[in-house]
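Required output: the full structure, derived from the provided sequences and hints.
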Amino acid sequence: MQWEPVVMTGIGVLACNGMGREAFWDAIKAGRSGIGRVERFDVSALPCQIAGELRDFRPEDFMKKSIVKHWHRHVHQAVAASRLAVQDAALASAGYRPERIAVAVGTSVGNPDEAWEGYVEAYKSGGFKKVSKFASSAFSGHSATVHVGIDIGIRGPAITIASGCATGLDVLAWGCHQIRMGRADVAVVGATESPIFLASFVSACSLGILSKRNDEPEKAMRPFDRYRDGIVLSEGACTVVLERADYARARGARILAEVSGNGSASEGGNPLILEKEGTALARAIQAAMSEAGTLPQDIDHIQAHGVSLETYDRCETNAFKRVLGAHAYRAPVSAVKSMIGQSYAAGGLFGVTAATMALHEGVVPPTINLDDPDPECDLDFVPKQARKNDIHVALAVAVSFGGTHSATVLKRVA
1 MQWEPVVMTG IGVLACNGMG REAFWDAIKA GRSGIGRVER FDVSALPCQI AGELRDFRPE
61 DFMKKSIVKH WHRHVHQAVA ASRLAVQDAA LASAGYRPER IAVAVGTSVG NPDEAWEGYV
121 EAYKSGGFKK VSKFASSAFS GHSATVHVGI DIGIRGPAIT IASGCATGLD VLAWGCHQIR
181 MGRADVAVVG ATESPIFLAS FVSACSLGIL SKRNDEPEKA MRPFDRYRDG IVLSEGACTV
241 VLERADYARA RGARILAEVS GNGSASEGGN PLILEKEGTA LARAIQAAMS EAGTLPQDID
301 HIQAHGVSLE TYDRCETNAF KRVLGAHAYR APVSAVKSMI GQSYAAGGLF GVTAATMALH
361 EGVVPPTINL DDPDPECDLD FVPKQARKND IHVALAVAVS FGGTHSATVL KRVA
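Quick note on numbering: our numbering labels position 325 of the sequence shown as 325, and the sequence is numbered without any gaps.
Honestly, I wouldn't trust all of these hints.
[As the list claims (entries may be wrong)] Cross-link-like lysine-lysine pairs, in silico, DSSO-like; alpha carbons within 30 angstroms at most:
(1) 69 to 124
(2) 384 to 29
(3) 321 to 219
(4) 384 to 276
(5) 276 to 212
(6) 384 to 219
(7) 212 to 384
(8) 64 to 124
(9) 276 to 321
(10) 29 to 388
(11) 276 to 219
(12) 65 to 124
(13) 388 to 64
(14) 219 to 29
(15) 321 to 388
(16) 124 to 29
(17) 29 to 212
(18) 388 to 219
[To be verified] Here are the in silico distance ranges between beta carbons for each label pair:
(19) 272 to 388: 19 to 29 angstroms
(20) 4 to 361: 18 to 28 angstroms
(21) 55 to 90: 21 to 31 angstroms
(22) 215 to 66: 40 to 50 angstroms
(23) 2 to 214: 49 to 59 angstroms
For the record, the hints were derived by calculation from the structure and aren't laboratory data. Keep in mind the model is a prediction, meaning the values are calculated, not measured. Glycine is no exception: its CB is placed at the ideal position from the N, C-alpha and C atoms.
Here's what the structure looks like:
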């Protein structure tokens, strides 16, 4: 089936090392980490005391105080990132009908902890009438999608997706599908996560997956390094504006990249332990490349999941080799999580943003903290320093807890 290409015309980013597409990209190119000691609550009794917090984010700068008061932080982030994306795409002046704009926002954790405690305390002090009437809907996983749609004035298809760390790439795929099937002309798709709360930290500590490098926060995330010791949680949001290519060109939009292929696959195995061989991830990559009409030798750059866990890192390395063969050793691989930590649902779109800007500027971002590579992760992971490179096609992947994986192929547009 032939369809009109889908292109990316705007990106909005809220990350711990930069807010806004350009600020984020400048930090990524420079290898600047946003990880630091947790300031939001007392972590002195926890083995991990560091995270990627949005220290400069003020929700009031982006939305009404009524929304800030009644909705969770992950909703604040989603609305803010979507506003930035719409501004970046100059979408407000494009003349699209609201009924022809689709919206999707994904999240896997949200941020219910503080809100629950507040509602319980209100009930204890004055009964159920003291509890906000917004309480029930505030806990809906769909609330971020709803408020982004309301804020922008969208009346087209809407959905919320929760597929763990694959969420960001999955909302991107959904948006492309809506446009390709003729259901929308534009899609505003994003992912948001705010896991910096006590219950989230405690549960991650119980799994033993958090880094204990509390004295050197910026060096804690070490994907593909022999001496990695776990992940660092981070918060953030990223939203992308997708458009039909012919419509984008007709209005004179700046085109950042073409989203040419998407794929996903699952392991159906152990929910806690990934298959090291990478066979399911390889299927997701193959599906994305097939949809894009891309051959292994076409891939000029890979944006890895790179979450700083041994099994995950080796799963990715093996999957790249399975699909690309010998070319896997020639395609430079970067991991932006080395700088921003693990933001679950939002992480995939941070990777897509980095890959898109790499296409746009011909710069491969670095993987920082890669001092002593894992012998089983023997690809070119671009250690420590960004690198000039002519990039026409990029691959971004997401590897999720529970064995659900996704991949996206991006192409440079002349």
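> Is the gap between the beta carbons of residue 55 and residue 90 within 21 to 31 angstroms?
Replying inline: 29 angstroms, holds
> Keeping to a limit of 30 angstroms between CA atoms, is the pair of residue 384 and residue 29 held or broken?
Replying inline: 10 angstroms, holds
>> For residue 29 and residue 388, compute the direct alpha-carbon distance and say whether it is at most 30 angstroms.
In response: 10 angstroms, holds
> Falls inside 40 to 50 angstroms, the C-beta gap from residue 215 to residue 66?
Replying inline: 42 angstroms, holds
> Is residue 219 close enough to residue 29, meaning Cα to Cα at most 30 angstroms?
Replying inline: 17 angstroms, holds
>> Between the alpha carbons of residue 212 and residue 384, is the straight-line distance 30 angstroms or under?
In response: 21 angstroms, holds
> Would you say the C-beta atoms of residue 4 and residue 361 sit inside 18 to 28 angstroms of each other?
Replying inline: 26 angstroms, holds
> Is it true that the CA of residue 65 sits at most 30 angstroms from the CA of residue 124?
Replying inline: 25 angstroms, holds
> Does the structure keep residue 64 and residue 124 at a Cα separation of 30 angstroms or less?
Replying inline: With Cα atoms ~29 angstroms apart, residue 64 and residue 124 stay inside 30 angstroms; holds.
>> Hinted pair, alpha-carbon criterion (30 angstroms max): residue 388, residue 219. Please report holds or violated.
In response: With a Cα-Cα distance of about 24 angstroms, the restraint between residue 388 and residue 219 holds, given a limit of 30 angstroms.
>> Need the status of pair residue 276, residue 212: alpha-carbon distance at most 30 angstroms?
In response: 24 angstroms, holds
> How does the Cβ-Cβ distance of residue 2 and residue 214 compare with 49 to 59 angstroms: does it lie in that range?
Replying inline: 55 angstroms, holds
Taken one by one, the earlier hints fail for this structure at numbers 13, 16, 19, listed in ascending order.
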